[in-house]
Amino acid sequence: MNSRKVFRIAWEGLTRNKVRSLLTMLGVIIGVAAVIIMVSVSAGTEATIAEQIQGLGTNLVFIQEGFSRMGPGEKQTGSGLTMEDAEAIKENITGVSGVVVEQNSSETVKYSGTSMDEVSILGTTVDFPEVRDMTIAEGRYFSQTELDRKTKVAVLGATLAEELFGDGTAVGQMITVGTVKMTVIGVMEEKGSTGGVDYNSNVFIPITVSFTKFNYDPFARMTGNRVRMIYVAVENEEDIEDTIYQIELLLAKRHDVSLDSLDFTATTQDDIIETQESTTAAFRSLLGWVAGVSLLVGGIGIMNIMLVSVTERTREIGIRQSVGATPSDIRWQFLTEALLLSLVGGLIGVASGIGGAKIFGALGDMRTVVSMSSVFIAFSSAAAVGVFFGYYPANKAAQLDPIEALRHE
Amino acid sequence: MTKKTIIKILDLTKIYGLGDIQVRALDNVNLTVTEGEFVAIMGPSGSGKSTLMNILGCLDRPTEGKYYLAGEDVSELDKVQLATIRNKKLGFIFQSYNLLPRVSALENVMLPLLYDSMQDISGEEQHDRALKSLEAVGLAERVQHQPHELSGGQSQRVAIARALVNEPVLILADEPTGNLDTKSSVEILSILTKLHGEGRTIVMVTHEDDIASFAQRIIRFRDGRIDYDKPNGHKPVHLYKKEVDHEL
Ligand SMILES: Nc1ncnc2c1ncn2[C@@H]1O[C@H](COP(=O)(O)OP(=O)(O)OP(=O)(O)O)[C@@H](O)[C@H]1O
Ligand SMILES: [Mg+2]
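Chains as they are written, first to last, in the numbering used here: chain A, 80 to 488; chain B, 148 to 395.
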């Protein structure tokens, strides 16, 4: 019998019972869609990380308060990271091209009639544009003198400047940040979001102003100039490990702690990416398992229904055998039915998987990237599932004895 | 001109059950049927009629003995070869019609052609041959009907059309009128008589003398053996004759 005839017989067998065929496919549809959506989620996460690598560069050292290297039972001593630590690094460590300290807060920003709520106010130091690879579009960034004197000056992100001033000039205008009046001295060049942070809507001010005017952190308030994180840009990427060691030595001495029990951690961008990547890898393999199991369940569903179908259609099989269908004709009929179920189910699954990934990406704040390879893998595993789980019922059908099959009610 | 031998069975035995309880459904049966014969097989229930028909129809194999169908030894063939013989040389009519449900009469009749792997008959030719077959049993008007839209008599006529469509050397009918009323039975018998008139070889099982009286030769079974085998001396029963005349 040629394949076209086999296909026709199988197709007619399935369309005679449309609802059941559809329900049978459901397992495969869900399985395939799950594979595609889950892979798209983890691919999206990876793409975000890739952007972080590009956005931040690999020459940064992050120093943050941390107790990760402290033994059990030990208590935090010292006063954490301070502005002075940052200044000490800048002065004493060689091969450092910039040190940045950041403090975040959120304020209402007003200019004449326009008022914007919850604008990110970023208190930083003068090296910020260089370390974060940002350029000034108009005016200038604040100077060390302005930082030391706590001058109330502000540099605006491109989007924010546009929203506040439209086409008019921003530089030289007075804005109100919270309750503090500040002079706009510069506007940043527009920059794509780095590491999920969009700097285009920020106000950049001297961190000293931030400490005195916008300091809501109770710890920081007590200590006055405590910071959460110090960014150090290294001139030469190869020297980064050596620089970290020097920083550790310096800060250990300043904090009066031993090298074995540092009260801070100094990590590189690579370390952070590595941690995140191992997290996504674990996430991805978990998702892979979940998706694989759902495909397996879909396959078992097909086998289950095919077995029921073979029993139900025993007489049909007997009739076909009586007019000359060979065991292989019968086997091919049921195998093709199973394959059609899984292929059509797979196609619907691919469509709903791609659609679902798009909807996920649009609704949630999760990023999704549909990869062709995941579509291909999901679809071909669906086909494999169909053949694998269809074979047993098909073989059972093929082995039926014609007389007994005909006698079956 | 000597006629061809269609069925030749030699010392045919069929034993069911391989355990302690063995049933000799057929016990040393010898039988020859030549081309163009219309044979009725009779006998009490359990005497082995269906067992014989299943072996003649290549649905089953004998335990012992030989079966030559149109000169070919089919008693030693495997499942695949038997399927091919059923497809090319045999037409089977069952008591319970055995049509595929939810499939039109036409497609039911086309079924044997679909499984003809030797010739790979085109869809168009399958269609034409099935249509001709349905015309031969007077069902040209009902080709698109599904089994549940047909009466018992009509269903059995579709089954006859299906048995004819592959131009078999032998038509086997196991109690073809067993589920039918008198009027439909007469219809079926008149078709079989017509086919016999055209030179076809028919073996039919029946319990009823009236039905058997349409055949040329009557073989009676008892306990798996041939009780007697003789030409039918009677003309078809008068009662039926009338109705047949009326119908035709
Ligand atoms: N598959 C089987 N397994 C065991 N015994 C069987 C089987 N098929 C038939 N038999 C036995 O073989 C004997 C002959 O059965 P068969 O069906 O040939 O009778 P029959 O003449 O067709 O009867 P009926 O007129 O009732 O149809 C019976 O005793 C029956 O019980
Ligand atoms: Mg019987």
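No wet-lab data here; the hints were simulated from the structure. Even for Gly, the Cβ is constructed at its ideal location relative to N, Cα and C. Hints may contain errors.
In the BS3-like style, the derived pairs of lysine-lysine whose C-alpha atoms are separated by at most 30 Å in a straight line are [what the hints assert, rightly or not]:
1. 236/B <-> 226/B
2. 475/A <-> 226/B
3. 226/B <-> 84/A
4. 260/A <-> 292/A
5. 213/B <-> 150/B
6. 236/B <-> 475/A
7. 270/A <-> 169/A
8. 236/B <-> 151/B
9. 235/B <-> 84/A
10. 155/B <-> 341/B
11. 279/B <-> 84/A
12. 226/B <-> 155/B
13. 475/A <-> 437/A
14. 213/B <-> 235/B
15. 279/B <-> 213/B
16. 475/A <-> 235/B
17. 437/A <-> 169/A
18. 279/B <-> 330/B
19. 150/B <-> 235/B
20. 84/A <-> 236/B
Which residues of chain B face chain A? A partial, calculated answer using Cβ under 7 Å [to be verified]:
21. 245
22. 375
23. 378
Cβ-Cβ distance ranges computed for the label pairs, FRET-style [to be verified]:
24. 213/B <-> 98/A: 46 to 56 Å
25. 227/B <-> 486/A: 17 to 27 Å
26. 442/A <-> 227/B: 51 to 61 Å
27. 287/B <-> 372/A: 31 to 41 Å
28. 98/A <-> 179/B: 22 to 32 Å
29. 213/B <-> 486/A: 18 to 28 Å
30. 167/B <-> 386/A: 28 to 38 Å
Outcome of the hint check:
About 15 Å separates the Cα atoms of residue 236/B and residue 226/B, which keeps this hinted pair within 30 Å; it holds. At roughly 15 Å between alpha-carbon atoms, residue 475/A and residue 226/B fall within 30 Å of each other, so this suggested pair holds. This hinted pair checks out: residue 226/B and residue 84/A have alpha carbons roughly 21 Å apart, not beyond 30 Å. For the hint pairing residue 260/A with residue 292/A, the CA-to-CA distance comes to about 11 Å; that is within 30 Å, so the pair holds.
About 21 Å separates the Cα atoms of residue 213/B and residue 150/B, which keeps this hinted pair within 30 Å; it holds. For the hint linking residue 236/B to residue 475/A, the alpha-carbon distance of about 27 Å falls within 30 Å, and the restraint holds. Between the alpha carbons of residue 270/A and residue 169/A the distance comes to roughly 27 Å, so the proposed pair stays at or under 30 Å and holds. For the hint pairing residue 236/B with residue 151/B, the CA-to-CA distance comes to about 14 Å; that is within 30 Å, so the pair holds.
A hinted pair counts as satisfied when its Cα atoms are at most 30 Å apart, and residue 235/B with residue 84/A qualifies at roughly 18 Å. Distance check on the hinted pair: residue 155/B and residue 341/B sit about 25 Å apart at the alpha-carbon level, within 30 Å; holds. The straight-line distance between the Cα atoms of residue 279/B and residue 84/A is roughly 22 Å, inside the 30 Å bound, and the hint therefore holds. With a C-alpha separation of about 21 Å, the suggested pair residue 226/B and residue 155/B falls inside the 30 Å cut-off, and the hint holds.
Of the supplied pair hints, the one linking residue 475/A and residue 437/A is violated, its CA atoms being roughly 42 Å apart against a limit of 30 Å. Between the alpha carbons of residue 213/B and residue 235/B the distance comes to roughly 20 Å, so the proposed pair stays at or under 30 Å and holds. For the hint pairing residue 279/B with residue 213/B, the CA-to-CA distance comes to about 35 Å; that exceeds 30 Å, so the pair is violated. A threshold of 30 Å between alpha carbons decides the hint, and for residue 475/A with residue 235/B the separation of about 25 Å falls inside it, so the pair holds.
Simply put, residue 437/A and residue 169/A have alpha-carbon atoms about 47 Å apart, too far for the 30 Å limit, and the pair is violated. A threshold of 30 Å between alpha carbons decides the hint, and for residue 279/B with residue 330/B the separation of about 24 Å falls inside it, so the pair holds. The suggested pairing of residue 150/B with residue 235/B holds, with an alpha-carbon distance near 20 Å, which does not exceed 30 Å. A C-alpha spacing of about 22 Å is found between residue 84/A and residue 236/B, which places the hinted pair at or below 30 Å, so the restraint holds.
Residue-level restraint check for residue 245/B holds (minimum Cβ-Cβ distance to chain A is 5 Å; threshold 7 Å). Restraint check, residue 375/B versus chain A: the minimum CB separation of about 27 Å is more than 7 Å; hint violated. Using the Cβ-Cβ criterion of 7 Å, the hint placing residue 378/B at the interface with chain A is not satisfied: the shortest such distance is roughly 31 Å. With their beta carbons about 51 Å apart, residue 213/B and residue 98/A fall inside the hinted range of 46 to 56 Å.
Here the CB-CB span from residue 227/B to residue 486/A is close to 22 Å, well matched to the stated 17 to 27 Å. Hint check: residue 442/A to residue 227/B, Cβ distance near 57 Å, so the stated range 51 to 61 Å holds. Taking 31 to 41 Å as the suggested C-beta distance range, the pair residue 287/B and residue 372/A does not conform, at roughly 56 Å. Between residue 98/A and residue 179/B, the C-beta spacing of about 54 Å breaks the proposed range 22 to 32 Å.
At roughly 26 Å, the beta-carbon separation of residue 213/B and residue 486/A lies within the given 18 to 28 Å, and the hint holds. Checked against the hint of 28 to 38 Å, the pair residue 167/B and residue 386/A passes, with Cβ atoms roughly 33 Å apart.
Hint violations for this structure: numbers 13, 15, 17, 22, 23, 27, 28, all remaining hints satisfied.
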